[in-house]
Amino acid sequence: MHIEIVTPDKNLYSGEVSLATFPGSDGKFGIKENHAPLVATLKEGKIKLVDSSNQEQFFDVNGGVVEVNHNKIIVLAE
Amino acid sequence: MANLKEIRSRITSISSTRQITSAMKMVSAAKLRRAQDAITQMRPYANKLKELLSNLSESTEGSAESAYTEKREVERVLIIPITSNRGLAGAFNSNIIKETNRLIKERFQEKDVTVLAIGKKADDFYKKTSYNIKGTTLPGKLDKLFDDLTFEPVSEVAQKVMDSFAYKQFDEVVLVYNQFVNAAVQNVITEQYLPIIPPKMEEEKEVKSDYIFEPSQEFIISELIPKSLKIQLYKAILDSHASEHGARMTAMHKATDNATELIGDLKLVYNKARQASITNEILEIVGGAEALNN
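Those protein sequence lines, which keep their order, are chains A and B. Counting from 1, position 51 in the first sequence corresponds to residue 51 in my numbering; the numbering is continuous, with no gaps. To convert, count from 1 in the second sequence and add 1000; that's my numbering.
Since the hints were derived computationally from the structure, they do not count as laboratory data. Model, not experiment: these values are computed from the prediction. Treat the hints with care, since some could be wrong.
Unchecked claim - With the C-beta cut set under 10 angstroms, the calculated list includes, among others, these residues of chain A facing chain B:
| # | residue |
| --- | --- |
| 1 | P8 |
| 2 | K10 |
| 3 | G15 |
| 4 | V17 |
| 5 | F29 |
| 6 | V66 |
| 7 | N69 |
| 8 | E78 |
To be verified - For lysine-lysine, the following DSS-like pairs were computed, each having C-alpha atoms within a straight-line distance of at most 30 angstroms:
| # | chain 1 | residue 1 | chain 2 | residue 2 |
| --- | --- | --- | --- | --- |
| 9 | A | K48 | B | K1050 |
| 10 | B | K1031 | B | K1144 |
| 11 | B | K1048 | A | K46 |
As the list claims (entries may be wrong) - Covered by chain A, according to a simulated footprint, are these stretches of chain B (three or more residues, beta-carbon under 8 angstroms):
| # | region |
| --- | --- |
| 12 | 1033-1042 |
| 13 | 1047-1054 |
| 14 | 1158-1169 |
Beta carbons: idealized from backbone N, C-alpha and C, even for Gly.
With the rest of the complex left out, here is chain B:
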């Protein structure tokens, strides 16, 4: 049986680990609330924009074409995995990297793949591979996006990605990110970013109102499409951000529970050992007294 001092020091070290994990859980819970608020604020905007765009492309007939809808033979692919800057979030980051690798191996086999990593974890993973963004016009070092998560910097990145598509550096752009469902559940989503898949027409939809367009329909569509792309990226990043905190909260909650359980087990062992040593001592004393009596 392990000696008492050893067990005692293990108990102390596990309880300090538990303190850290439970503190991280609290922090994540607080951040999750903020991130969740951001995404719920954002969704109405994204939905309205989508609605508007599908209204518009319904009433135009095939004129909703632009540089971003052009379908080309897919040769060069850009994958944008969105991870976090920090670890200790369970399988959050590894799921994304796994999915990205799967895409490279299966769907884009024998294609020229480039990875634009958002978040330090994916960046660390891909910057040393042949998929990194060297030799392209894409921005590197995207982990700063999470420091102050607002629409402005994200839309700049989106613009650069859109430009690189329009200039035919890439024929297809795909997003891989964690979609936020709730604090405990995140889904890994693979979403085609460019070229834009035209919204599906619903056959039985009633005839839409005839809109007056100001200044012109083409102009409005050409304004709306880039906007909706920026929003799409922003939404993906917000989703991933909320998921990150959710995943970390769950992971840390489990870690705290495990630590508590371990401490309980160790305490039991410790007490048993302590009792055994006391019994031993008593036996020795009794034995000694007996020997004196004889």
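Isolated chain A, as found in the complex:
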């Protein structure tokens, strides 16, 4: 599935991942393929992205919003 992480100052990341975990306002959660449409707010923490070859990547966020729709994740981070 495709993920885009955008901040007001730049496009942080755009690419394919198989798993993404987010620091949600009510606790950490992960998104896998074919997740139902979701909108969630984030608090301060790390976004973890895992791609198909199990490579991990981390991004620090100060909060933001995640939208998941049809295997497309959009993260509006701060």
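Put chain B on the given structure of chain A with help from the hints.
Chain B in isolation, oriented as in the chain A frame:
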């Protein structure tokens, strides 16, 4: 005919002016690129946020209300004109001030108007008028925003403006700024900032997916609305910043062209005068020789 020395010194002074204007043009061109990059980076974020917000308010029914959407009888108005800190950018700043004055005179006639100026030019213009921000909780001296244009300081200003609206210091907030179209074209835009105008519903839109909301829809909307307001202000400032450099580049380009033309004209006059004086001299010599021969 002006004497040679005079023309020569005018030519020198115009060429040094041309040097300055062409240097300013180069500098603006370089800065324009940076400012343009910033705004193009920023637009996807603003668009996504808008999309998300309109998706959300569509699936809620009228629950997207908050302190920032409340419509009140308009008595006190806050106008936020965005100008630059420096001049020499053609009509860039004067357009904004003109538009702001027009708003005060026409649309907000007999209303209590306050002006929160962003950028030194508008600040200089309005700080001595009765529209200045004395006696409000708004931040003054906003020209520092342009020194290091990032989201953080802008969002602080936006927060203060939002607070002042929520505490009913103002009933309407309007932005006036130059929207960046391209290097040569800027549009003066007047945009209502607060209260938020709800996004227009498109009737024939297909039914949106049912979202899961985490933690809750109300919470998300209450988070998103201030965010989108901050982004709106940030975008306006970035737009204005890019426009400023575009306007200055165009103005300086024209100034350089004009200087070149002037120098050409003056050179022609200079050469004619020089030739005339040489002809004169020859005539004198010939006349002198003739007189000796007789």
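Comparing the hints with the structure gives:
no., hint, result
1, P8, "holds (4 angstroms)"
2, K10, "holds (5 angstroms)"
3, G15, "violated (15 angstroms)"
4, V17, "violated (18 angstroms)"
5, F29, "holds (7 angstroms)"
6, V66, "holds (9 angstroms)"
7, N69, "holds (6 angstroms)"
8, E78, "holds (8 angstroms)"
9, A/K48 - B/K1050, "holds (25 angstroms)"
10, B/K1031 - B/K1144, "holds (17 angstroms)"
11, B/K1048 - A/K46, "holds (21 angstroms)"
12, 1033-1042, "holds (count 3)"
13, 1047-1054, "holds (count 3)"
14, 1158-1169, "violated (count 0)"
Consistency with the previously given hints fails for numbers 3, 4, 14, ordered from lowest to highest.
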